[in-house]
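**Q** Given the sequences, and given the hints that come with them, work out the whole structure.
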Amino acid sequence: MVEITDVVCSLCGCVCDDIVVEVEDNKVTKVKKGACSVGKSKLMGHGRIESPAIRENGTLKNCSYDEAIKKAAEILAAARRPLLYGWSSTVCEADKVGVELAEEIGAVIDNTASVCHGPSVLAIQDVGLPSCTLGEVKNRADLVIYWGANPAAAHANHMKRYSYISKGYWTEEGKKNKKLIVVDVRKTATAKMADVFLQMEQGKDYLVFSALRAMLLGYEDVVPEEVGGVSKKDLLETVRLMKEAKFGMIFFGMGVTHTRARHNNVVNAIQTTRAAHTHTKFSIMPMRGHYNVAGINQVCTWETGYPFAVDLSRGYAWYNPGEISATDLLVRRECDAALIIASDPGAHFPGESIKHLSKIPVIQIDPFPNPTTEFADVLIPAAISGVEAEGNVYRMDNIPIRLRKLVDTEYVADEEIMKRILEEVRAIKEKEGE
Amino acid sequence: MGTKVNLISGRTIVQGQNLDNKLSEEYFKEVATCELNKAEMERLGVAADEPVKVKTSFGEVVVKAKEKEGTPEGIIFIPMGPWANALVSGNTHGAGMPQYKGIDAEIEKTEEEVLHVKDLMKTYMK
Numbered sequence: 001m002v003e004i005t006d007v008v009c010s011l012c013g014c015v016c017d018d019i020v021v022e023v024e025d026n027k028v029t030k031v032k033k034g035a036c037s038v039g040k041s042k043l044m045g046h047g048r049i050e051s052p053a054i055r056e057n058g059t060l061k062n063c064s065y066d067e068a069i070k071k072a073a074e075i076l077a078a079a080r081r082p083l084l085y086g087w088s089s090t091v092c093e094a095d096k097v098g099v100e101l102a103e104e105i106g107a108v109i110d111n112t113a114s115v116c117h118g119p120s121v122l123a124i125q126d127v128g129l130p131s132c133t134l135g136e137v138k139n140r141a142d143l144v145i146y147w148g149a150n151p152a153a154a155h156a157n158h159m160k161r162y163s164y165i166s167k168g169y170w171t172e173e174g175k176k177n178k179k180l181i182v183v184d185v186r187k188t189a190t191a192k193m194a195d196v197f198l199q200m201e202q203g204k205d206y207l208v209f210s211a212l213r214a215m216l217l218g219y220e221d222v223v224p225e226e227v228g229g230v231s232k233k234d235l236l237e238t239v240r241l242m243k244e245a246k247f248g249m250i251f252f253g254m255g256v257t258h259t260r261a262r263h264n265n266v267v268n269a270i271q272t273t274r275a276a277h278t279h280t281k282f283s284i285m286p287m288r289g290h291y292n293v294a295g296i297n298q299v300c301t302w303e304t305g306y307p308f309a310v311d312l313s314r315g316y317a318w319y320n321p322g323e324i325s326a327t328d329l330l331v332r333r334e335c336d337a338a339l340i341i342a343s344d345p346g347a348h349f350p351g352e353s354i355k356h357l358s359k360i361p362v363i364q365i366d367p368f369p370n371p372t373t374e375f376a377d378v379l380i381p382a383a384i385s386g387v388e389a390e391g392n393v394y395r396m397d398n399i400p401i402r403l404r405k406l407v408d409t410e411y412v413a414d415e416e417i418m419k420r421i422l423e424e425v426r427a428i429k430e431k432e433g434e
Numbered sequence: 001m002g003t004k005v006n007l008i009s010g011r012t013i014v015q016g017q018n019l020d021n022k023l024s025e026e027y028f029k030e031v032a033t034c035e036l037n038k039a040e041m042e043r044l045g046v047a048a049d050e051p052v053k054v055k056t057s058f059g060e061v062v063v064k065a066k067e068k069e070g071t072p073e074g075i076i077f078i079p080m081g082p083w084a085n086a087l088v089s090g091n092t093h094g095a096g097m098p099q100y101k102g103i104d105a106e107i108e109k110t111e112e113e114v115l116h117v118k119d120l121m122k123t124y125m126k
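So the sequences go chain by chain: L and U.
In terms of our numbering, the first sequence is numbered consecutively and its last residue is 434.
In terms of our numbering, the second sequence is numbered consecutively and its last residue is 126.
Just so you know, these hints were derived from the structure itself, not from any lab.
Ideal placement from N, C-alpha and C gives every residue a C-beta, glycine not left out.
Covered stretches of chain L (in silico footprint by chain U; criterion: 3 or more residues with CB under 8 Å from a CB of chain U, positions within the stretch not fixed):
id, region
1, 114-120
2, 256-263
3, 344-354
**A** Put into structure tokens, the structure is as follows:
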């Protein structure tokens with residue numbers, strides 16, 4: 001048995017990097033400390049896609065990596081409007097090859113931001129983001145606001161490592177000297193811990209942000225007695241805590257981006273943060289979901305200029321999320337082949353878009369079978385990044401962290417799979433050119 | 001004609017634990033559910049673990065009712081996943097993002113069975 005320390009978790013955007021595991025017979029046998037129950041589940045592992053496979057007459061038939069990669073390359077090289085989607089639960093090195101492949105075949109490349117914080121990206125491009133690192137939050141913040149986010153369920157270590165419960169340089173007493181405000185529709189497990197819980201009517205985020213902004217800027221008189229189901233009294237208490245804080249922090253989640261008004265909600269959240277700057281230090285950060293969704297946004301931006309929903313069919317990068325996000329493309333039944341890597345649109349896309357996806361040739365690269373596997377035509381099993389393969393990822397505050405390899409595997413890593421597909425595609429194109 | 005409600009979807013801890021295990025019974029038991037408050041369950045005449053049918057303009061799905069304190073009146077919550085998404089529109093309103101929360105829905109008691117994930121996927125492949 002070997003004990004491995006400083007293991008980095010490849011599950012959510014927290015990217016906890018202080019995990020201790022035990023490895024025996026080339027298998028993670030115990031997660032000793034550091035991981036939350038969700039991260040622990042990831043590290044301990046689940047049933048795998050056991051072999052590369054190609055679907056023939058409706059049935060998946062096992063094959064070699066070479067055969068599956070060749071088939072994948074043939075599908076992609078022949079497609080007129082291919083979609084390359086996913087990229088958030090793998091490492092930046094694989095993402096980089098993905099962008100290269102998209103350029104090679106003139107594909108649309110999109111990532112899971114388009115169904116999580118895509119609207120936040122649009123808002124940030126609109127008005128910027130006064131943000132900071134999670135280290136700063138840990139060491140400085142004495143007021144934490146979770147808005148439309150339930151870290152107790154989605155980022156289980158977030159409060160303990162980085163925010164309300166953590167102890168830092170100027171916050172050595174932990175939550176004793178901090179305040180927690182939660183804004184949500186449901187009284188979630190996170191809301192139950194709050195000093196102030198604003199139980200808002202669903203979809204009224206924009207109004208409640210506007211009321212707080214007005215109050216922070218000194219226009220309390222224009223705010224009515226109730227806004228979006230929240231009393232003026234509670235709003236005033238929130239503003240008092242915001243003004244009194246030495247360093248306030250807003251974390252916002254899907255409650256803000258998944259509702260009507262989408263990016264406009266986020267613009268208002270950012271402007272509320274700016275309004276708080278007239279009184280004290282304040283910062284804001286999206287609660288990024290997958291461990292490397294921030295990373296694919298980085299890679300896609302440095303390679304194409306844009307963070308998600310990029311169309312490379314013109315020979316140059318074209319960015320227009322409402323037109324060419326994966327969902328839009330599928331609903332219009334526009335794409336004729338898809339490569340799905342490190343994500344599961346079968347589970348997480350609207351039914352309407354799955355209808356088209358399930359009918360076109362789909363290549364799936366993933367360590368685990370999932371609903372997308374049910375209709376995938378080529379399966380390429382991958383090594384689990386952070387357990388069986390290493391590589392760089394970006395935490396939700398855009399801090400790069402290197403995932404470690406804990407055990408050996410015969411499964412091929414995402415980066416190598418992508419390189420081999422790209423090589424095959426280039427070989428096909430070269431042959432066609434002759 | 002069912003009761004009119006506002007549907008939201010989102011993460012739960014068990015859903016997260018089974019992110020890489022979606023074809024499992026644990027995932028099915030957690031995600032093919034619909035959280036309601038006690039009063040709403042009584043109004044619908046359903047007990048915990050009994051099936052309810054949820055319909056929107058975009059689809060319908062059968063899930064099991066689950067009582068959840070803290071869920072406000074008129075709101076139902078289905079954990080993010082294939083069952084919730086059978087009810088979501090693909091219209092992104094020019095933002096690239098489907099509306100996963102705040103969907104007009106109807107809910108009613110049903111005798112129909114909850115589809116397992118593989119059978120649910122088959123409904124798209126027709």
